[in-house]
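Protein chains in written order, with the working numbering: chain A, 1 to 454; chain B, 1 to 454.
Don't take every hint at face value.
If chains are identical, the list can't say which one is meant, so a pair holds when it fits in one copy or spans any two.
Straight line, CA to CA, 27 Å or less: simulated DSSO-like cross-link-like pairs of lysine-lysine [said to hold, decoys possible]:
1) K181 to K427
2) K102 to K453
3) K404 to K98
4) K404 to K454
5) K159 to K405
6) K454 to K301
7) K282 to K405
8) K255 to K454
9) K255 to K305
10) K340 to K403
11) K255 to K453
12) K227 to K102
13) K427 to K404
14) K340 to K255
In case anyone wonders, no lab produced these hints; they're calculated from the structure.
2 protein chains.
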Amino acid sequence: METENNSNQPRDLSLLFNARSVAVVGASANPEKLGYEILNNLINMGFEGPIYPINPKAEEILGLKAYPSLTAVGKPVDLIGVIVPGKFAPGVIEEAGKVGAKNAVVISGGFREIGNDELEAALVEAARSGGVGIIGPNCQGINYPASKICLSWPLIRRKGGMALISQSGTIAAALGDRADKEEIGIAGLVALGNRCDIDEADLIEYFGADPNTDVIAVYLEGIRDGKKFLEVGKRVGAKKPVLVLKGGRTERGRKAAESHTRSIAGRGEIFDAALRKVGFEKVESIDELYDCAKALAVEPKRPGKRVQVLTSSGGSGIVAVDVLEELGLDVAPLSENSRKRLAEVLPSHCVVGNPLDLTGDTPAERYREAVEALAETEPGIDLYLLIFGDPIPRATENCLELKKKVDRPIIAAYIGGGEVEEAEFPKLNGAGVPTFPTPERVARAARSILTGKK
Amino acid sequence: METENNSNQPRDLSLLFNARSVAVVGASANPEKLGYEILNNLINMGFEGPIYPINPKAEEILGLKAYPSLTAVGKPVDLIGVIVPGKFAPGVIEEAGKVGAKNAVVISGGFREIGNDELEAALVEAARSGGVGIIGPNCQGINYPASKICLSWPLIRRKGGMALISQSGTIAAALGDRADKEEIGIAGLVALGNRCDIDEADLIEYFGADPNTDVIAVYLEGIRDGKKFLEVGKRVGAKKPVLVLKGGRTERGRKAAESHTRSIAGRGEIFDAALRKVGFEKVESIDELYDCAKALAVEPKRPGKRVQVLTSSGGSGIVAVDVLEELGLDVAPLSENSRKRLAEVLPSHCVVGNPLDLTGDTPAERYREAVEALAETEPGIDLYLLIFGDPIPRATENCLELKKKVDRPIIAAYIGGGEVEEAEFPKLNGAGVPTFPTPERVARAARSILTGKK
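Chain A extracted, bound-state conformation (with noise of 0.2 Å):
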């Protein structure tokens, strides 16, 4: 772990993701250019304050007066977009120094990653002297909904309870982007790029405290610094479900690490004491990130270790009951009563247990009786999970009738729909039931969010 910073506190960073103004240096009026691209993507987020275009060689671009310099704007300007050529950067920082800029997300590349650690260090030395906190540099920016910023790429507007943190632009945006589509949404999402100046461990604090994020996703090489990392989780891991994906766990992946952002990849043991010292769950790909992300992005975790499977596929219905007690958790059977109850609701064909398969034929009407049925009869269940294994219409509208009247989680997965899967998943997203592909993933989303204890 590096330890470049000893400072220890972390930082305030309210005027980062609350900022009141923009200012975007190097914004282009050329559409090939990423300094467009910045530019337009805060437009259409619906940015509320000003925009300040910097760019000495226009008047006006995307509609907004453009300013040569920051000093020129002569306005307050909380947050600065950073798209020149790198070895301008410095001098950018040391000017929003000047004009009060709070702080800046360094998109440009040219730094530590290409092996100009002077060039860097004159970033941060302008950053220390100026007061300017700085993400990046080398990074693909941040976005946060809840205050209509995005100084990154793609475009993801869509509110949701994820915050993304990650040393990789591309797994950051890859996994907003699936969010945005998928219904569910951000919180926020921060690249960290090269990290030169604020890191993990600030933004693990803001969006612990933050009201708008629910669960925060990360993707690390390494920990920039431990001590930090160790008291910001502790507080953090706390009361906030954290998930985290290492990258560089073997030999060859640390060295590539250590050339990706020049970070010290740490060993893989010492970071997974780290993590449970704070409380922060490991994963072990970018799916299970994701998976278990868009869970405890909608549900909160919770005590319990019970599940219920009803399912229009037997086969998918032994499978997640096979992941789901291969996990810890329980597939218990139902009691006579419920049994007896089940049976008179349902069709003479369906097989009353656990997993309920009500076969091929089943309506979405089906599982939403059923439901109804058994949150009467069975309160121990603590989680309903759904497999639509079939093209099986009004799967979402029969589950936002359910969601008003039981009160556990119910989350689902949806295979071998069709075109009507295609429509269905991400509105049941949409409407709070968690939707996956398979039933393996939705068997280790339940058990992201049941704790497995009661």
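The hints should help you fit chain B onto chain A, whose structure is shown.
Okay, now just chain B, sitting in the frame of chain A:
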């Protein structure tokens, strides 16, 4: 393991998959009915032999002359699809025997799966006495694009190298549909249902000898006939990859499997030992079954363990390296010669090594140029793993050019590419570059192609 069938000889299924004429018993003119969908799919599949809809109440269905019974057809019928209510199925099979039909796909339910063992026994009796082979009952049918036969749903017409055999209709249909949409296609698909007659060993034998099939992907809850399975398995396992996902690994999963198709789910250890004995590969999830089958449907298994990673996303490259190394593959460093050559070909901000980080601004051409250079300087590479970690257009056309020149498998991940990814992803598959949604999944696919030895 059950041993109901003591013959232990795999069945000759050539007239099942190469039927010259097909009758659909229970064909319906009502688009709400399965008997309509099945007939419609068979027609739209483009089956070239005669199709006989059987329905005593119709003169014509979907433009085809309908017959009141199989006997009334008065011409030879090789294959029969059965969608009548279960109680009528034994009579249909009896008649099928009389008219000389060789095989029947009994989609109808209402047999052992709901405790009606007598009806299933009657079905088996009719089949044996008439010499009719049965797929099912209570199944989602079969699909075999080479003969344009689809007695199943959804309609899948695209031919590919992957044969699917499944005790779950939903799992088979979901994977077949994915393979179709992703431009991979299928060699065949069989939902076993209650497998009262033709079983997994018969089908593994058939697809093992089938020149259209490159890989066999199987979902099984239990083995029906242990002796036959081992005999067939040894033969087929020696010449073709067979991947198996087992449902019912846990005690409660096993119980659920027993209700599902009333098959005795084998104990996990015995099952695993059988797979090892015949050289089949066990997989752990539906996604893994699909991913590995997809890789092997395009690229034959080959000796080797050295993988070269090329990426636009540093983080994704690191994640891939971790998984490759954890799976026993070799992400070996490049020779000095190769490093020099790449330094000439690539812009200076690229990070030359393994992974080769082409960085976020890379066009698809840079991947091609790098692989072309490595094909000359680094003959020890066994497989190229390309990660497109941004919206990178023309990935497919550059890979197509590469495939003309490079004598090694090329596989890819596409992540964080938005709409460009949506277009390129299936095209890459169709162009012979199996492509996966995350670095972990493409790494696992690499492991399924390379034996790990040389």
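Hints and how they fare:
| no. | hint | result |
| --- | --- | --- |
| 1 | K181 to K427 | both (10 Å within a copy, 21 Å between copies) |
| 2 | K102 to K453 | neither (45 Å within a copy, 56 Å between copies) |
| 3 | K404 to K98 | neither (54 Å within a copy, 58 Å between copies) |
| 4 | K404 to K454 | within (24 Å within a copy, 60 Å between copies) |
| 5 | K159 to K405 | within (25 Å within a copy, 47 Å between copies) |
| 6 | K454 to K301 | within (12 Å within a copy, 48 Å between copies) |
| 7 | K282 to K405 | neither (34 Å within a copy, 42 Å between copies) |
| 8 | K255 to K454 | between (43 Å within a copy, 26 Å between copies) |
| 9 | K255 to K305 | between (40 Å within a copy, 19 Å between copies) |
| 10 | K340 to K403 | within (24 Å within a copy, 62 Å between copies) |
| 11 | K255 to K453 | between (39 Å within a copy, 24 Å between copies) |
| 12 | K227 to K102 | within (25 Å within a copy, 74 Å between copies) |
| 13 | K427 to K404 | within (16 Å within a copy, 44 Å between copies) |
| 14 | K340 to K255 | between (61 Å within a copy, 20 Å between copies) |
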